[in-house]
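Chemist: What follows is each chain in one-letter form.
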Amino acid sequence: MTALIFTVALWLGTLIFGVLAWRRRDGTFRAGLRDSLREYRFIIPRLAVGILGAGFVAAILPPEFIEATLGPSSGLAGVALALVCGLAVPGGPVIAYAIGASALLAGAGTPQIVTFVSAWLLFSANRTLVWELPIMGRRFVVARVIMSLPVPLALGALLVVTGT
Amino acid sequence: MTHGAPPPSGEKSGGADGPGDGKPKRLPRRRIVDGGFLFISVVGIAAALATWWLRGPEIFVAVLGDDIWLFAENMPKVLAAVLLACWLRLMLPREVIARHLGAGSGWRGLLIATGAGIVVPGGPMTAFPLSVAFLEGGADRGTVIAFVTSWLVLSAQRTIVWEIAFLDPELVLLRYLVSLPVPILLGWLARRAHGVLDVAPEAER
Chain A
1 MTALIFTVAL
11 WLGTLIFGVL
21 AWRRRDGTFR
31 AGLRDSLREY
41 RFIIPRLAVG
51 ILGAGFVAAI
61 LPPEFIEATL
71 GPSSGLAGVA
81 LALVCGLAVP
91 GGPVIAYAIG
101 ASALLAGAGT
111 PQIVTFVSAW
121 LLFSANRTLV
131 WELPIMGRRF
141 VVARVIMSLP
151 VPLALGALLV
161 VTGT
Chain B
165 MTHGAPPPSG
175 EKSGGADGPG
185 DGKPKRLPRR
195 RIVDGGFLFI
205 SVVGIAAALA
215 TWWLRGPEIF
225 VAVLGDDIWL
235 FAENMPKVLA
245 AVLLACWLRL
255 MLPREVIARH
265 LGAGSGWRGL
275 LIATGAGIVV
285 PGGPMTAFPL
295 SVAFLEGGAD
305 RGTVIAFVTS
315 WLVLSAQRTI
325 VWEIAFLDPE
335 LVLLRYLVSL
345 PVPILLGWLA
355 RRAHGVLDVA
365 PEAER
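Heads up: the sequence lines are chains A and B, in that order. Once you know that position 140 of the first sequence is 140 in the numbering used here, the rest is easy, because the numbers rise by one and skip nothing. Once you know that position 11 of the second sequence is 175 in the numbering used here, the rest is easy, because the numbers rise by one and skip nothing.
One or more of the hints may lead you astray.
Derived CB-CB ranges, DEER-like [said to hold, decoys possible]:
hint, chain 1, residue 1, chain 2, residue 2, range
1, A, Arg30, B, Pro257, 29 to 39 Å
2, B, Gly270, A, Pro63, 18 to 28 Å
3, A, Gly75, B, Leu202, 33 to 43 Å
4, A, Asp26, B, Arg219, 53 to 63 Å
5, A, Gly13, B, Gly199, 27 to 37 Å
6, B, Leu349, A, Thr2, 45 to 55 Å
7, A, Pro63, B, Val360, 37 to 47 Å
Simulated from the structure, these hints should not be mistaken for laboratory data. Ideal placement from N, C-alpha and C gives every residue a C-beta, glycine not left out.
From just these sequences and the hints, can you work out the full model?
Modeler: Written out as structure tokens, the structure is:
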């Protein structure tokens, strides 16, 4: 039900932006449509392959092993391991979230997944090296990465301590 | 969101998406089949074969059915989020945002930067040049750190298109809630930082 309301709200927002774009009468409406078609061609195959792949990977992962190393009872050690996994993930959101989804299906705990996802979001090697470093410069990247380092651990630890 | 293409050299100065130079340019062309796509395809096919082999055809069909359902369930959200993001990108009031992110902007500036990070659509090829544009437009280091961090951990588009598709929505909501203060905290920290943690000392002269 919540998901349905969310989807409807999202479509309403999209409709409003469509009307706003249309009323500009300067080609924004058409340009947005054209851009989104190109985005769909990029995103949809990745989602399809990623979701299918994640399901099958989860089906062959040994649940006892995942449960023991990253499960809800793995505590702070599991959070630390999740941080390392998040730092080591190659590539973009499909690979990262597919790994997270497989681990979750195979029994990983919420704090561990939150740490894993946060680590990937903040430090994805690919994004940092290919995009952030050339555009923002070394000084910015070094400072940002050092400042952000405690974040995934802190979030995971918070969820472990509060028993979420 | 793309992680295969090389950085566009023309965007290095931030001019492409910067304030004051009219419309944002067209989205850069991306290769549909790249290394990452091939990698997940190969792993997925291998895992599918292994599932059939190790756990039998029934489990294989059950997993396949669940996954097709999950994909179909997420399609309406993805279609809407991408379309909304594309229109928003073309209509974003860049100048207005930059004007409110200056050195004296205080907590309000950090909040606006965090909000901007949530709603700014597009991948790293949009967000980082926009950050440079904010810096050049007078934003202080704290607001820029808040913006970049917010875009990284709270981006609505990434969360809706990718994260909710893969992970349990309740887990995503929890992650989102605990991450909400992070950009503001790091922005606050960046304003007080010295030495190696000083993001951009020259930007505030």
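Chemist: For each hint, tell me whether it holds in the structure or not.
Modeler: These are the hints, each one checked on the structure:
| no. | hint | in the structure |
| --- | --- | --- |
| 1 | Arg30(A) / Pro257(B): 29 to 39 Å | violated, 21 Å |
| 2 | Gly270(B) / Pro63(A): 18 to 28 Å | violated, 50 Å |
| 3 | Gly75(A) / Leu202(B): 33 to 43 Å | holds, 37 Å |
| 4 | Asp26(A) / Arg219(B): 53 to 63 Å | holds, 56 Å |
| 5 | Gly13(A) / Gly199(B): 27 to 37 Å | holds, 34 Å |
| 6 | Leu349(B) / Thr2(A): 45 to 55 Å | violated, 29 Å |
| 7 | Pro63(A) / Val360(B): 37 to 47 Å | holds, 43 Å |
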